[in-house]
Amino acid sequence: MPDAGTGGTSLDQLYQLHREVADSRSLRLLVTNNLATYLTLMERHLDRGAKLTETDLVVRLERDLADLGSETEQSGLSLIKYWASQGWLHRVTEQSGDTERNVCYLTYEARAVLDFARRMRREDTIATGG
0 MPDAGTGGTS
10 LDQLYQLHRE
20 VADSRSLRLL
30 VTNNLATYLT
40 LMERHLDRGA
50 KLTETDLVVR
60 LERDLADLGS
70 ETEQSGLSLI
80 KYWASQGWLH
90 RVTEQSGDTE
100 RNVCYLTYEA
110 RAVLDFARRM
120 RREDTIATGG
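In numbering that gives the first Met the number 0, the protein residues as written are 0 to 129.
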């Protein structure tokens with residue numbers, strides 16, 4: 000007999016579905032030890048679809064990390080590389096004339112976590128619609 004609310008989904012199916020959620024990029028960001036620092040920096044510099052050159056982003060991150068007295072030992076560039084390796088940041092090369100430059104912007108998964116954090120800060124609820 001299926002449990003209420005599962006729509007007849009088996010235990011194994013539910014487990015696999017939740018395993019996929021647990022392995023998602025969004026959840027990896029949510030459970031990181033440096034969540035407050037990462038979200039602060041992401042929201043401050045890359046929110047709402049903002050694209051920055053890697054050089055500009057490195058400078059901004061370095062400045063903010065110093066101002067925060069951050070618990071992370073990473074430099075701005077290593078933070079960019081780490082975020083990209085985790086699937087939270089797109090780091091792509093754009094060509095403009097004879098010049099190439101790396102441009103950085105958040106992935107969908109990182110933007111979803113920022114949106115979730117914003118809703119938590121505002122204490123939005125489904126009942127009130129935000």
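Simulated from the structure, these hints should not be mistaken for laboratory data. Keep in mind that a hint or two might mislead.
[Said to hold, decoys possible] Straight-line distance between alpha carbons at most 25 Å, and here's what the computed DMTMM-like set of lysine to aspartate or glutamate pairs gives:
1) LYS80 <-> ASP11
2) LYS50 <-> ASP114
3) LYS80 <-> GLU122
4) LYS50 <-> GLU122
5) LYS80 <-> ASP66
6) LYS80 <-> ASP114
7) LYS50 <-> ASP11
8) LYS50 <-> GLU61
9) LYS50 <-> GLU19
10) LYS80 <-> ASP63
11) LYS50 <-> ASP66
12) LYS50 <-> ASP63
13) LYS80 <-> GLU42
14) LYS80 <-> GLU108
15) LYS80 <-> GLU53
16) LYS80 <-> ASP22
17) LYS80 <-> GLU99
18) LYS80 <-> GLU61
19) LYS80 <-> GLU93
20) LYS50 <-> GLU93
[As the list claims (entries may be wrong)] Here are the computed distance ranges between Cβ atoms for each label pair:
21) GLY86 <-> HIS17: 18 to 26 Å
22) ARG117 <-> SER84: 42 to 50 Å
23) ASN101 <-> GLU42: 30 to 38 Å
24) VAL102 <-> GLU122: 16 to 24 Å
25) LEU16 <-> GLU72: 34 to 42 Å
Where is the CB? At the ideal position from N, CA and C, for every residue including glycine.
Hint check results:
1. LYS80 <-> ASP11: 36 Å, violated
2. LYS50 <-> ASP114: Status holds; Cα separation ~17 Å.
3. LYS80 <-> GLU122: Distance of about 32 Å is beyond 25 Å: violated.
4. LYS50 <-> GLU122: 28 Å, violated
5. LYS80 <-> ASP66: 21 Å, holds
6. LYS80 <-> ASP114: 23 Å, holds
7. LYS50 <-> ASP11: 41 Å, violated
8. LYS50 <-> GLU61: 17 Å, holds
9. LYS50 <-> GLU19: 29 Å, violated
10. LYS80 <-> ASP63: Judged against 25 Å, a Cα distance of about 17 Å means the pair holds.
11. LYS50 <-> ASP66: Holds, at about 23 Å.
12. LYS50 <-> ASP63: 18 Å, holds
13. LYS80 <-> GLU42: Holds, at about 17 Å.
14. LYS80 <-> GLU108: This hinted pair holds, its Cα atoms lying about 16 Å apart.
15. LYS80 <-> GLU53: 10 Å, holds
16. LYS80 <-> ASP22: Holds. LYS80 to ASP22 sits at ~20 Å (cutoff 25 Å).
17. LYS80 <-> GLU99: 18 Å, holds
18. LYS80 <-> GLU61: Within the cut-off at roughly 14 Å; holds.
19. LYS80 <-> GLU93: Holds, at about 17 Å.
20. LYS50 <-> GLU93: 11 Å, holds
21. GLY86 <-> HIS17: 18 to 26 Å: 19 Å, holds
22. ARG117 <-> SER84: 42 to 50 Å: 25 Å, violated
23. ASN101 <-> GLU42: 30 to 38 Å: 21 Å, violated
24. VAL102 <-> GLU122: 16 to 24 Å: 35 Å, violated
25. LEU16 <-> GLU72: 34 to 42 Å: Taking Cβ atoms as reference, LEU16 and GLU72 lie about 36 Å apart, which means the hint holds.
When held up to the earlier numbered hints, the structure conflicts with 1, 3, 4, 7, 9, 22, 23 and 24 and fits the remainder.
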